[in-house]
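So for the sequence shown, the working numbering puts the first residue at 22; every next one is plus one.
One or more of the hints may lead you astray.
[Unchecked claim] 27 Å max Cα-Cα, derived DSS-like pairs, lysine-lysine:
1. K104 to K25
2. K93 to K104
3. K23 to K114
4. K114 to K31
5. K93 to K114
6. K86 to K104
Hint data in this document are derived by calculation from the structure and do not stem from the laboratory.
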Amino acid sequence: FKPKPDIEFKVQNIVGTVDVNFPIRLEGLVFAHSTFASYEPELFPGLIYRLVSPRVVILIFVSGKIVLTGAKTEKDIAEALEKIHPVLVEYRKTSVSPMPGIGTTVPELPSS
């Protein structure tokens, strides 16, 4: 899309997505970063992290999927990711519990 010269055109919002390929402990992250983060899993499954500079909102999901929004430039997206990545690594889940009943054997009942 190329706007005509007489049309005032302005980028208002850039959205980026990334998968960090590891699960994240959202409860620990929100506890330690409560000034910038909010997490209400009953209302929304992602943690909302509001960076001050650059002014970008980051949605962080337990799966490791991340949405960066509110940026005005691609540089803002890259800078926000550089700032949040070490925090995500710090709250990386080291072990993931298996789903109950999957991969487990059911004990046999004694015969009567």
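### Task
Measure nothing beyond the straight line between the CA atoms of K86 and K104; if it is 27 Å or shorter, mark the hint as holding.
Given pair K86, K104 holds - Cα atoms ~16 Å apart, limit 27 Å.
### Query
Given the hinted pair K23 and K114, is their alpha-carbon gap at most 27 Å?
Outside the cut-off at roughly 45 Å; violated.
### Task
Mind checking the alpha carbons of K104 and K25 for me, to see if they're no more than 27 Å apart?
violated (37 Å)
### Query
Are K93 and K104 close enough, with their CA atoms no more than 27 Å apart?
holds (17 Å)
### Holds or violated: K93 to K114, with C-alpha atoms at most 27 Å apart
violated (32 Å)
### Pairwise hint evaluation, K31 against K114, where the allowed Cα distance is 27 Å at most
violated (40 Å)
In summary, the structure is inconsistent with hints 1, 3, 4 and 5 from the numbered list given earlier, while agreeing with the others.
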